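*Asks:* Chain by chain, the residues run as shown.
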Amino acid sequence: MLEIKNLTKVYDDGTVALDNVSFTVQDGEFLVIIGLSGSGKSTLLRCINRLIEPTSGQIILDGVDITAASPAELRRIRRDIGMIFQHFNLVKRSTVMRNVLAGRLGYVNPWLSLLGIFPKEDKERAWKALELVGIAEKAYNRADALSGGQQQRVGIARALMQEPKLLLADEPVSALDPATSHSVLKYIELINRERGVTVMCSLHFLSLARTYATRIIALKDGKMMFDGLPEEIDDQRFKEIYGEEAVRVEVN
Amino acid sequence: MAQPNHNAPDSADRLGGNPLAAAGLSLVVPGSGQYLLGQTTRGLAILAGIGLSIGSILWQNMPTLFVFVAFAWLWNVWDAYSLARKATRSYLPPLFALLMVIYTVGWNITQIEPQKLAQQANRAAPIAHGMLAPDFVERESEFRKERGPFEVHCSDNPPPPTTTLKSGGTITLSATCGEVGDPLHVRAEGLWPNVETEIWWANPIGQEQRVVTPEGQQLIVTTDDTGSFEVDIEVPLAVPLSHDTGEPQLHAVQINQTRIIGGWKISDNGWLVITKMAETIAIALVATTFAVFFAVPLSFVAARNLMSGNPVTVAVYYVTRTLLNIVRSIESLIIAIVFVVWVGLGPFAGVMALTVHSIAALGKLYSEQVESIDFGPIEAVRSTGANWWQTVVYAVLPQVFPPFLAFTIYRWDINVRMSTILGFVGGGGIGFLIVQWQRLSQWEAIGAAFWSIMIIVAVLDYVSAKARERLI
Amino acid sequence: MDNQPWKKSPSPWKYGRSALLAVVIIAAYIYSFRVTELDLPRLVTDFPKAVPILQDFLTPDVLARGEQTESYVINYPVPCGSGQEAEIPDSGPRIVPSVPCSDPKTTITVEGFDLRPDTKVQLRWLLPDGRRLRSARATTDGNGHFNVEVEIRPIVAAKEGNISQLEAELQWESTGLMPSEALKITFAKIVETVFMALMATTFACLVAFPVGFLGARNIMGTGPVGTVVYYIARTIFNLMRSIEALVMAVMFAIWLGFGPFAGVMAMTVVTVASLSKLFSEAIESIDPGPMEAIVAAGGNRLQAIVYAVFPQVIPPFIAFAIYHWDINVRISTIIGFVGGGGIGLQLQTWINQLAYNKAGTAVWAIVIVVTILDNLSSQIRKRLV
Ligand SMILES: Nc1ncnc2c1ncn2[C@@H]1O[C@H](COP(=O)(O)OP(=O)(O)OP(=O)(O)O)[C@@H](O)[C@H]1O
Ligand SMILES: [Mg+2]
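Protein chains in written order, with the working numbering: chain H, 1 to 252; chain A, 1001 to 1472; chain Y, 2001 to 2385.
What the hints contain is simulated information worked out from the structure, not anything from laboratory work. Since the structure is predicted, the reported quantities are computational estimates derived from the model, not experimental observations. Treat the hints loosely; a few may be bogus.
Said to hold, decoys possible - In the DMTMM-like style, the derived pairs of lysine to aspartate or glutamate whose C-alpha atoms are separated by at most 20 Å in a straight line are:
| hint | chain 1 | residue 1 | chain 2 | residue 2 |
| --- | --- | --- | --- | --- |
| 1 | A | Lys-1265 | A | Glu-1151 |
| 2 | H | Lys-220 | H | Glu-194 |
| 3 | H | Lys-128 | H | Asp-80 |
| 4 | A | Lys-1466 | Y | Glu-2292 |
| 5 | Y | Lys-2184 | Y | Glu-2067 |
| 6 | A | Lys-1364 | Y | Asp-2374 |
| 7 | Y | Lys-2382 | A | Glu-1444 |
| 8 | H | Lys-92 | Y | Asp-2374 |
| 9 | A | Lys-1086 | H | Asp-235 |
| 10 | A | Lys-1145 | A | Glu-1196 |
| 11 | Y | Lys-2382 | H | Asp-144 |
| 12 | A | Lys-1364 | Y | Asp-2326 |
| 13 | H | Lys-165 | H | Asp-62 |
Unchecked claim - Chain A is nowhere near these chain Y residues, computed Cβ spacing over 12 Å in every case:
| hint | residue |
| --- | --- |
| 14 | Asp-2039 |
| 15 | Ala-2050 |
| 16 | Tyr-2072 |
| 17 | Asp-2129 |
| 18 | Leu-2133 |
| 19 | Ala-2157 |
| 20 | Gln-2171 |
| 21 | Ser-2180 |
| 22 | Ala-2200 |
| 23 | Phe-2213 |
| 24 | Leu-2214 |
| 25 | Thr-2227 |
In this text, a Cβ means the ideal position worked out from N, Cα and C, and glycines have one as well.
Take the sequences, apply the hints, and build the full model.
*Replies:* In structure tokens:
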């Protein structure tokens, strides 16, 4: 269970990106965060694993306060939180396999890992993860030889290597075309359903959010605008979240 | 770097994937198995690597290194065997082995002896001292030299014991005649007070020599508040015994005083450094300017896109390119040798050498710019009915001018660096001073020269980088 | 917006500045032309002085006719009885002294029969102590016969029971062409030059690789320690950049003595400065995403560097290293002039001996090697980028 309490983030230049945000995520939820560009979605997700330092507030994962963790503790907590990025964040010149194994770095012996040595079971785990996302045959290709959708699946496999309790996904499909978006989200959904991994995912398109979310949170200018079930977002709510002029765009 | 697919052959497999045949071939001729299996690049690389290693080992006569070659050779057999069975082996171990050979041979050829850095640290000390105390500025000071006469081999009337000095003060000797080795007490009064004073000895023909302490150091005494001092010396041998006829000779005790009378000023060597440094920059400036005049027209002749019309122009293009490449690969320092013979020692030879090298270097850079010009504007201008010259002025020059200028500034920067050492072969500039001072072991002066080079180079580096940033 | 910007006149200050700049530039040129003692007509009038050296450069000493020799040795006791006399065969190529032994300070005739016709003969004494003493010269006639007077000097006398031998060496040029001595030396020296550059570049890489990270903002972070290290590193890079390899070589030549090691050290120092800066800039321009991903997965800083930074920076590093190797080969062709070893030192030696043909060999070797490396390095870099 993840609890966010009064989370506020003010950037050095004075931008208030998150303003007193509080909510709780139950295990096994597929929580989608929506909101306009600049509303603070990325900031929220990155505060959770402290890629960004929150200004104030608490983030408690299974009873452990992430905001109070020491650097060593933080690394241990981060192992339990997988992350998927908008631009995949793969090392393009490295092989797919090596990129996936990198997801295991928080577990393995740090010195051996610097020499590129991983335990056998981690390699097997990597094969399984790649099989799960359907790109095992590309394991020894260079990452930049893959298409965008395939690269994001590598990103998912990498996150799977951590055996996370919580998976953060920051606009995982906004660099992809609609059809590929669905295939990638399907894999995330699979992980959520079959492995019981809690997912927090920011998405741009409401239609996508509706399809996959078990619950939706909307942000506007750093404040929580909405917290509820996908069906509850009607035209009225939509206008509140996205502004008066916004038109609903459907992605099928 | 990494090949996406190691197994993709460069050409057809001519061994039918037979592992033993491949291994056997590679055992006899390294790389041949790989080559015939279709991995031509891999095969050739193996052959070249092993061949070169064996060549250098034999040449340098270092047979122990054959261990590494043997390792690479065996690996190559295994690799051919594996390749035939469609498995790829990492090429890092043999690469490492062959690199060991190359670097050991290189270490030997270049006579690298790291221990020398420590063992000969004493030789570096004077340079370090010179760098720390460069002879660039000195305190303004005045100097006085006073003498009290002394006869070696007494005559009938030796000089008076006390000499009154024109600029004030007296020198009194305990005896004014005697033999070499006699003790002598020197007392001086009314000199400059509180100044370190050197005691010298002047022989009858005016040659001066230092009076030394028993340890062999220059004898130095410091005057007191009233400008007096007393010191005991021995009459030194100042005339070679072979010239000593036994006649009385008029020597003198000499006192040298230097006192600081003002602030800092640039020392003589400092001025030399400044003038020669200015000359250095001037050489680079003139040479770069000359070079531009030749390089601009040449660059159009050496541009493929402008010269690809007919066989004649293509031939001209290739000849120009080849000449530029040849000249460019000869450093100005080498070209300077020719010009020193041709026009004599001095900055002019340096200017000519830098000019010739810069023409080639700039010609190449310029021509690459010309090759990358956009033909759109040229067509546009031509379509307005402009003639050839108008086209050049309105469509070509505006495109190439900023990069040309940037390259020119860059070249000037390099030329300044190069002209600092043209003096080593007689080409003028500050290098000439460095060679001289090096011979005379004048480390402080060399220090001043080095610092000035570093400062000027740093400033020009900065200025040229800024200027180029604005241009590109 | 000014609606007629073209009518706006530049401020007087701007005019003043341009005028001032023009004056400064003109003054600089006037000074430069005077101080460099330009004497362009001399280029023409003194051209004859340059002709021999240019001719020699254009006809480098590459090939030589191989010398072939053949020698015949006989025992020759001086004085008589001090040792075994030679047994002279009756036919075949042979040399025959007029007397089988003699005393010092006498003169004998030596004849040769059935030798190679029309060939130079050098007579030599092989002394008991191993030294060689040149004696008379002769030339064989069309029948392979020569006849020459040889003086018996006291020095050829037997010592401690060992006698001198008389050698007749026939020397002629073989028909085939061989690489000349200058070519062999040039080859050895050019290889030394290339290796000097290679060693210097390698050493420089070993230093610059770790140091480059210290000068990269994104690696050093924004903490106080990181910031201080970053600024120190950057300042040192910038200061070191103004060091000239050739000036450095002067210092190292004094320190380590003339030779390739001094050159290697000088180039190493200069290359470290340049590579560190390039390396740190390359590190700064990487995509930060992968590093973030590894940190998010719980990896530590070192792991992030090895897994996310190394793969991104190695190719540009190799490209820079090869580029500097190329530059260093150019420098090492001349670093010998200031004491740094390599082909430059040899070139200078030959020039001081006025052996311009040989110098020409060296110059052409430089042209060839520099051109090859230049092409090679740009090919490799093109592939890497
Ligand atoms: N490093 C930063 N420094 C200062 N302000 C920042 C920084 N990063 C983000 N911001 C600001 O914080 C606010 C929230 O940004 P955030 O990236 O969280 O938005 P987002 O919802 O993810 O937007 P998008 O959909 O465009 O990714 C924005 O106003 C943004 O300009
Ligand atoms: Mg975002």
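*Asks:* If a hint holds in the structure, say so; if it does not, say that too.
*Replies:* Here is how each hint holds up against the structure:
no., hint, verdict
1, Lys-1265(A) x Glu-1151(A), "41 Å, violated"
2, Lys-220(H) x Glu-194(H), "32 Å, violated"
3, Lys-128(H) x Asp-80(H), "19 Å, holds"
4, Lys-1466(A) x Glu-2292(Y), "34 Å, violated"
5, Lys-2184(Y) x Glu-2067(Y), "16 Å, holds"
6, Lys-1364(A) x Asp-2374(Y), "13 Å, holds"
7, Lys-2382(Y) x Glu-1444(A), "46 Å, violated"
8, Lys-92(H) x Asp-2374(Y), "29 Å, violated"
9, Lys-1086(A) x Asp-235(H), "61 Å, violated"
10, Lys-1145(A) x Glu-1196(A), "13 Å, holds"
11, Lys-2382(Y) x Asp-144(H), "19 Å, holds"
12, Lys-1364(A) x Asp-2326(Y), "17 Å, holds"
13, Lys-165(H) x Asp-62(H), "10 Å, holds"
14, Asp-2039, "6 Å, violated"
15, Ala-2050, "4 Å, violated"
16, Tyr-2072, "33 Å, holds"
17, Asp-2129, "30 Å, holds"
18, Leu-2133, "33 Å, holds"
19, Ala-2157, "40 Å, holds"
20, Gln-2171, "29 Å, holds"
21, Ser-2180, "18 Å, holds"
22, Ala-2200, "9 Å, violated"
23, Phe-2213, "20 Å, holds"
24, Leu-2214, "21 Å, holds"
25, Thr-2227, "23 Å, holds"
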